[in-house]
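Protein chains: 2
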Amino acid sequence: MVLPFDILEYHQRIKGTKERMAEKGIDVLLITDPANMNYLSGYDAWSFYVHQMLVVIIDEPQPIWIGRYQDANGARATTWIYEENVIAYPDYYVHSDTYHPMDFIAEILTQIGQGRRSIGVEMDHYYFTGMALERLKKGMPNAQFKDASLLVNRVRMVKSDQEIEYMNRAATIADLAMTRGVESICAGRRECDTAAEIYYQLIKGTPEHGGEYPAIVPLLPTGDHTSIPHLTWSDRPFVDGSPVIVELAGCYKRYHVPLARTVAIGEPSQKLEFLAPVVLEGIQNVLEAAKPGMTCSDLEAIWAKSIKKYGFEKESRLGYSVGLNYPPDWGEHTASIRKGDMTVLQPNMTFHLIPGLWFDYDGIEISETFRVTEKGCERFTTYPQELIVKRESSILLNSSDQIS
Amino acid sequence: MVLPFDILEYHQRIKGTKERMAEKGIDVLLITDPANMNYLSGYDAWSFYVHQMLVVIIDEPQPIWIGRYQDANGARATTWIYEENVIAYPDYYVHSDTYHPMDFIAEILTQIGQGRRSIGVEMDHYYFTGMALERLKKGMPNAQFKDASLLVNRVRMVKSDQEIEYMNRAATIADLAMTRGVESICAGRRECDTAAEIYYQLIKGTPEHGGEYPAIVPLLPTGDHTSIPHLTWSDRPFVDGSPVIVELAGCYKRYHVPLARTVAIGEPSQKLEFLAPVVLEGIQNVLEAAKPGMTCSDLEAIWAKSIKKYGFEKESRLGYSVGLNYPPDWGEHTASIRKGDMTVLQPNMTFHLIPGLWFDYDGIEISETFRVTEKGCERFTTYPQELIVKRESSILLNSSDQIS
Chain A
1 MVLPFDILEY HQRIKGTKER MAEKGIDVLL ITDPANMNYL SGYDAWSFYV HQMLVVIIDE
61 PQPIWIGRYQ DANGARATTW IYEENVIAYP DYYVHSDTYH PMDFIAEILT QIGQGRRSIG
121 VEMDHYYFTG MALERLKKGM PNAQFKDASL LVNRVRMVKS DQEIEYMNRA ATIADLAMTR
181 GVESICAGRR ECDTAAEIYY QLIKGTPEHG GEYPAIVPLL PTGDHTSIPH LTWSDRPFVD
241 GSPVIVELAG CYKRYHVPLA RTVAIGEPSQ KLEFLAPVVL EGIQNVLEAA KPGMTCSDLE
301 AIWAKSIKKY GFEKESRLGY SVGLNYPPDW GEHTASIRKG DMTVLQPNMT FHLIPGLWFD
361 YDGIEISETF RVTEKGCERF TTYPQELIVK RESSILLNSS DQIS
Chain B
1 MVLPFDILEY HQRIKGTKER MAEKGIDVLL ITDPANMNYL SGYDAWSFYV HQMLVVIIDE
61 PQPIWIGRYQ DANGARATTW IYEENVIAYP DYYVHSDTYH PMDFIAEILT QIGQGRRSIG
121 VEMDHYYFTG MALERLKKGM PNAQFKDASL LVNRVRMVKS DQEIEYMNRA ATIADLAMTR
181 GVESICAGRR ECDTAAEIYY QLIKGTPEHG GEYPAIVPLL PTGDHTSIPH LTWSDRPFVD
241 GSPVIVELAG CYKRYHVPLA RTVAIGEPSQ KLEFLAPVVL EGIQNVLEAA KPGMTCSDLE
301 AIWAKSIKKY GFEKESRLGY SVGLNYPPDW GEHTASIRKG DMTVLQPNMT FHLIPGLWFD
361 YDGIEISETF RVTEKGCERF TTYPQELIVK RESSILLNSS DQIS
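Here the protein sequences come in this chain order: A and B. Okay, so the first sequence: first residue is 1 according to UniProt numbering, each after it adds one. Okay, so the second sequence: first residue is 1 according to UniProt numbering, each after it adds one.
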């Protein structure tokens, strides 16, 4: 088995996690977020649709993986955890009215002497349900439960050089997928055909590095749906004169580099032509200013000032910390680039800066993922930072079935 | 706006939901499962990575959609809900340490006079977190909370003719994607290249009907990883003499038809050649027997008897109810085809029969999605039901960049 990181890097991550556990008075951390499970153990499989968990005990060197019986081989194949720390529950616990995996887990934890300790749970993370919380509490009546939401996510914020290298590979894939997707957009071709081209490239990756599934599917709102950032594609054809927003992320070893661009099919509207330079100038101003020591709130202020000159305000956040993740989100949920977020930028923090402007009937998105460096910041991708105008007005014959 | 179903079908679904609410003494149902939100309202967007909800009040004709401000246009664009029933929370509630969307929602529900009623929540569904439960309880101290897990899912189990039609379209896409994926598998080509081909076809769909993202990515375990059903692809090349399991689903209007096959690259192992007829006979026996009035447990008994002749037992379940869904699962979590599941088959129930056999170092999966008919059952897909043997032993020159 080849782990994506040196074993020492995993030990370092466990150490950072235990330090935060100690600060919060948590003895036993129950990790159900698949990204956090992966970060600490290497575990990587599409098994988060059933209950599973990584347990970090403050005075034990190795975490414990607990999951479904048929997934235990996955823990053996993808983690650095010793065999005796891989514990499986029988299949009759899966999607059952009677049995719940958290009953099993509570019993195991009690058996190994953790039933009376201070237990941290990821209260507001995906895949940790209200029922999971109640069954754990019922099964460990003498434990003290604490909210450990984002505890591991905060350890994840500053990336190692190896993590940055994986993000660089993801960036190359993002650039290629954006190129392929934009090439395929033209009036008369269907949205799903462009989504297929993007997906093909995202997964194929490069000859050296294959791609992985992104935590969010490519988003492709078009026409008046550009006012709705999270609509996915349809099988309707693109229309001449319409805008299309393409938001995608390259993914490598579960590390994401998102990238968004806005494409005008045919002549861009006057509004788009007016908005694009406003957004581009704002992005430029933020990227030129970002450096260690500034806060996320400072970055927002720079953007707000930049667009205010043109009479705009933006209510929604401007970006967020990004990296390792699983569906349904590639954001890390720690720092947001918005007013009042006092997170201080440090070298090797990574953000997706996505200053979308959405109105009632249209919108624009141009984004960059950047890394904070020692003295400033740098973009991951190289795709041209501009409003893209596709003046071809119809499909080239047969081109929808060609892969260039 | 064109809804995927007639407005009367949505009314029927609401009616079925309210009947079950009444049976359980639930006045107000808080729906956070994206599939259930879609089923009742039409809402379709990749916005389930933030908290959102559909509220069904037993004595109100229309449900209420509550979500993030920038997603409210999505509710207007994809649902039959009137404008005044679309309620948005401000962006500072998103991924915040201070504000939680459930505080906002509890306040809204209290304001509209629901604060002292019996409230059903989907306790064990994805995206309903432990924190969501606690904040709702805190915000509505005079309400009585009840578990409404699977309430709407049970309404979903028997499909309408229109739903079956969408599943037929998904089946066509599944067949095409399996064909394309299997064609691309050969020694020396990378797993990610085959995954890219499969994804391309899944999303492109047919000329008439574009495909959508499946709720689970294509699974492609190979070699000794065929013992691990939920590993995703890597960028390693396929190896001559290895087995590959391909599990995928076509998706149309969020309706899924899954399909799995096992492929031998080069000569199949003796074990695979022995296992394949055992699994195929078992599937055949189940499909020949399945009809209205039987229980899921009856189907399991037929399978168990069929494989026992050859000395096998299978601990994990044999299949599950399938249809409308969002990541991370296409299963409906209601009926499982396993011992003791007393769900009675009815016409237009739909199941994924996936009798995988997994051992320590290998495994086999051959599956069929079927619909219960008036007198028996029928498969959705037409892909040959067999162990697939690919005897070509190496890559055709350049073929990895061709799309046939």
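FYI, nobody ran anything at the bench for these hints, they're computed from the structure. Note that this is a predicted model, so its numbers are computed, not measured. Some hints here could point you the wrong way.
Copies of one chain are not kept apart here, so a pair can be met inside one copy or by any two copies together.
To be verified - When the alpha-carbon atoms are kept at most 30 Å apart in a straight line, the in silico DSS-like pairs for lysine-lysine are as follows:
hint : residue 1 : residue 2
1    : 339       : 138
2    : 24        : 137
3    : 24        : 138
4    : 18        : 308
5    : 375       : 309
6    : 138       : 305
7    : 24        : 305
8    : 159       : 138
9    : 375       : 146
10   : 308       : 159
Results for each hint:
1. For the homomeric pair residue 339 and residue 138, the shortest alpha-carbon distance between copies (27 Å) is at most 30 Å, but the shortest distance inside one copy (40 Å) is not.
2. For a Cα distance limit of 30 Å, the shortest separation of residue 24 from residue 137 qualifies both inside one copy, at 19 Å, and across copies, at 25 Å.
3. Proximity of residue 24 to residue 138 under the C-alpha cut-off of 30 Å is found in both arrangements, the shortest distances being 23 Å within a copy and 23 Å between copies.
4. When the C-alpha separation of residue 18 and residue 308 is checked against a cutoff of 30 Å, the pair qualifies neither within a copy, at 44 Å, nor between copies, at 49 Å.
5. For the identical chains of this complex, residue 375 and residue 309 are intra-copy neighbours only, at 28 Å inside a copy versus 71 Å across copies, given an alpha-carbon limit of 30 Å.
6. Taking CA atoms no more than 30 Å apart as the test, residue 138 paired with residue 305 passes in neither setting, with 52 Å inside one copy and 39 Å between copies.
7. In this assembly of identical chains, the alpha carbons of residue 24 and residue 305 never lie at most 30 Å apart, being 38 Å within a copy and 54 Å across copies at closest.
8. Taking the shortest Cα distances, residue 159 and residue 138 never come within 30 Å of each other, neither inside one copy (38 Å) nor across copies (37 Å).
9. In this assembly of identical chains, residue 375 and residue 146 lie within 30 Å of each other by CA distance neither inside one copy nor across copies; the values are 38 Å within and 54 Å between.
10. Neither within a single protomer nor between protomers do residue 308 and residue 159 lie at most 30 Å apart by alpha-carbon distance, with minima of 33 Å and 52 Å respectively.
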